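Asker: Here is how the chains run, residue by residue.
2 protein chains.
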Amino acid sequence: MIQPFDDTYFMKKALQEAELAFEKGEIPVGAVIVIDNRVIARGHNLTELLTDVTAHAEMQAITAASNFLGGKYLKDCTLYVTLEPCQMCAGALYWSQISNIVYAARDLERGCINLNTKLHPKTTIKGGVLEAEASALLKRFFIEKRNLN
Amino acid sequence: MIQPFDDTYFMKKALQEAELAFEKGEIPVGAVIVIDNRVIARGHNLTELLTDVTAHAEMQAITAASNFLGGKYLKDCTLYVTLEPCQMCAGALYWSQISNIVYAARDLERGCINLNTKLHPKTTIKGGVLEAEASALLKRFFIEKRNLN
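So the protein lines, in turn, are chains A and B.
Okay, so the first sequence: first residue is 48 according to my numbering, each after it adds one.
Okay, so the second sequence: first residue is 48 according to my numbering, each after it adds one.
Please keep in mind that the hints were generated in silico from the structure rather than gathered at the bench.
Just so you know, these numbers come straight off a predicted model, no measurement behind them.
Be careful, since some hints might not be right.
Which copy is meant is left open, so a pair is good if it fits within one copy or across any two.
What the hints assert, rightly or not - Here are the simulated DSSO-like pairs of lysine-lysine, each with C-alpha atoms no more than 30 Å apart in a straight line: (1) K169 with K186; (2) K186 with K122; (3) K192 with K169; (4) K165 with K186; (5) K192 with K122; (6) K122 with K165; (7) K192 with K165; (8) K60 with K192.
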């Protein structure tokens, strides 16, 4: 049987979240958490609206997924996020013992890979899914912001 | 004039928070954030009660301090925390650009120092303030927990 659910499908869901952040004037990053092909949590960056540096898309999705599951460990879950997680979010993902992380665009300067943030040994990480789309949205945001200032 | 406010004074406030966590059956870690010798935010570990790995003492204190200040940057603020921050909390502190971090006990395995979490260049970090008291509380928690199981 043809399987409609794949990494691209769920990354599109994360991109929808990123677009919601964009519309609110936030750096457009979105995330969803999936278990058994079902989205159980969503989040988008709200650091400006909440004046809170901890309000990254991933942090909200982690809290929402734990709430949904009734437990703090995200075993068998996959996070889809449009930008490589930062140290804070990767540190939270470490504690969550999440099974998989899939990101779209790399963050060479502030992402967890180049900063060597430790992930849980049970966690896999891969990138590049819809990278062009996620990067284009981020670029559009920063160009519009520059033009406004 | 004699100054009653020093690192020990504020770390005692953080230890009071850690004791609240202890009483709730949480790993006893507490934190306060101080500006101009005034405590503007408090937090204690609530990961079990909230079933949320992001509910560390520091994270709650950062959110509360930003809320109090009406801005997401914790310039001129000092965080007092009874245990060296983990990667997640240090990552949040990086984004907050907090001026100073003072911790009590080291966390050699999961603390930000040995895991090389990047702090903001404007941030200073020092440890060892009331280290014995903070460590004793943590040890008592794990001994009692072991005896219960």
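Asker: Hint by hint, say whether it matches the structure.
Answerer: These are the hints, each one checked on the structure:
{"no.": "1", "hint": "K169 with K186", "in the structure": "between (33 Å within a copy, 28 Å between copies)"}
{"no.": "2", "hint": "K186 with K122", "in the structure": "between (34 Å within a copy, 29 Å between copies)"}
{"no.": "3", "hint": "K192 with K169", "in the structure": "between (39 Å within a copy, 26 Å between copies)"}
{"no.": "4", "hint": "K165 with K186", "in the structure": "both (28 Å within a copy, 25 Å between copies)"}
{"no.": "5", "hint": "K192 with K122", "in the structure": "between (39 Å within a copy, 24 Å between copies)"}
{"no.": "6", "hint": "K122 with K165", "in the structure": "both (17 Å within a copy, 28 Å between copies)"}
{"no.": "7", "hint": "K192 with K165", "in the structure": "between (33 Å within a copy, 27 Å between copies)"}
{"no.": "8", "hint": "K60 with K192", "in the structure": "within (24 Å within a copy, 42 Å between copies)"}
Going through the hint list in order, the structure satisfies each hint without exception.
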